Amino acid sequence: MSLTLSDLVLQVAAGLRQILHIGRITRPHGLLGEVKVVPMSDDPDRLAELARCLLVTADEQRAREVEIQAARPFQDNFLIKLRGIDDRDQAELLRGCFLSVRREDAIPLPPDRWFICDLIGCAVYDQSFGCLGTVADIISSSAQDVCLVRLPGEADLLFPMQKKILVRVDIGERRLDVRLPDGLYEVYRERKS
Numbered sequence: 393m394s395l396t397l398s399d400l401v402l403q404v405a406a407g408l409r410q411i412l413h414i415g416r417i418t419r420p421h422g423l424l425g426e427v428k429v430v431p432m433s434d435d436p437d438r439l440a441e442l443a444r445c446l447l448v449t450a451d452e453q454r455a456r457e458v459e460i461q462a463a464r465p466f467q468d469n470f471l472i473k474l475r476g477i478d479d480r481d482q483a484e485l486l487r488g489c490f491l492s493v494r495r496e497d498a499i500p501l502p503p504d505r506w507f508i509c510d511l512i513g514c515a516v517y518d519q520s521f522g523c524l525g526t527v528a529d530i531i532s533s534s535a536q537d538v539c540l541v542r543l544p545g546e547a548d549l550l551f552p553m554q555k556k557i558l559v560r561v562d563i564g565e566r567r568l569d570v571r572l573p574d575g576l577y578e579v580y581r582e583r584k585s
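Converting from the sequence shown to my numbering requires adding 392 to each position, the first position being numbered 1.
For the record, the hints were derived by calculation from the structure and aren't laboratory data.
Among the hints, a few may not be true.
20 Å max Cα-Cα, derived EDC-like pairs, lysine to aspartate or glutamate [as the list claims (entries may be wrong)]:
(1) Lys428 with Glu457
(2) Lys556 with Asp569
(3) Lys556 with Asp537
(4) Lys473 with Glu459
(5) Lys556 with Asp504
(6) Lys555 with Asp537
These numbers were taken from a predicted model, which means no experiment stands behind them.
Just need the whole structure built from these sequences, with the hints factored in.
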């Protein structure tokens, strides 16, 4: 079954994206239709647990439900075999596509955890400096996640997603209140008088 963008991919309910990407196909692997998938989840084993998911095109214009025949860890990624993808040429056509789940099928998050797609676009306010801009990206690393805040005409601002910095996150209001460490604001931007 194929769905269009308006049907599925960017459906928004209560301001929240309804399709969550959990992996991105980077390339074919071997000759029998396997694909290499980079996990996009804090729980990379989620890919190994799925029997079905959504295959979303790289441009996010189309999606279809697919069956996962096999999944196995490979280096820091996964090798996945999708039903009906039986050779390297078919697998090559999936390069850049996302493996995704509907929000209602996502693993529930513990308190003080958020889906990255829910943070993107939220306004960021600091108690001393006011509006810093909006969340443009969350950069994940093995050490910690880093929030990239963008304000037109200003340098991008980065801060670690730590409890001591995040005062309040209100996804419903699309707002993050933060307390930046001393000197961090000045590293990125001039103080406005």
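Checked hints:
1. Distance check on the hinted pair: Lys428 and Glu457 sit about 18 Å apart at the alpha-carbon level, within 20 Å; holds.
2. Annotation: proposed proximity of Lys556 to Asp569 holds, straight-line Cα distance about 11 Å (limit 20 Å).
3. Between Lys556 and Asp537, the direct Cα distance comes to roughly 14 Å. Compliance with the 20 Å bound is thereby established for this hinted pair.
4. Restraint check: the Cα-Cα separation between Lys473 and Glu459 comes to about 9 Å, which is no more than 20 Å; the hinted pair holds.
5. Taking the CA atoms of Lys556 and Asp504, the gap is near 12 Å; set against the 20 Å cutoff, the hint holds.
6. Restraint check: the Cα-Cα separation between Lys555 and Asp537 comes to about 12 Å, which is no more than 20 Å; the hinted pair holds.
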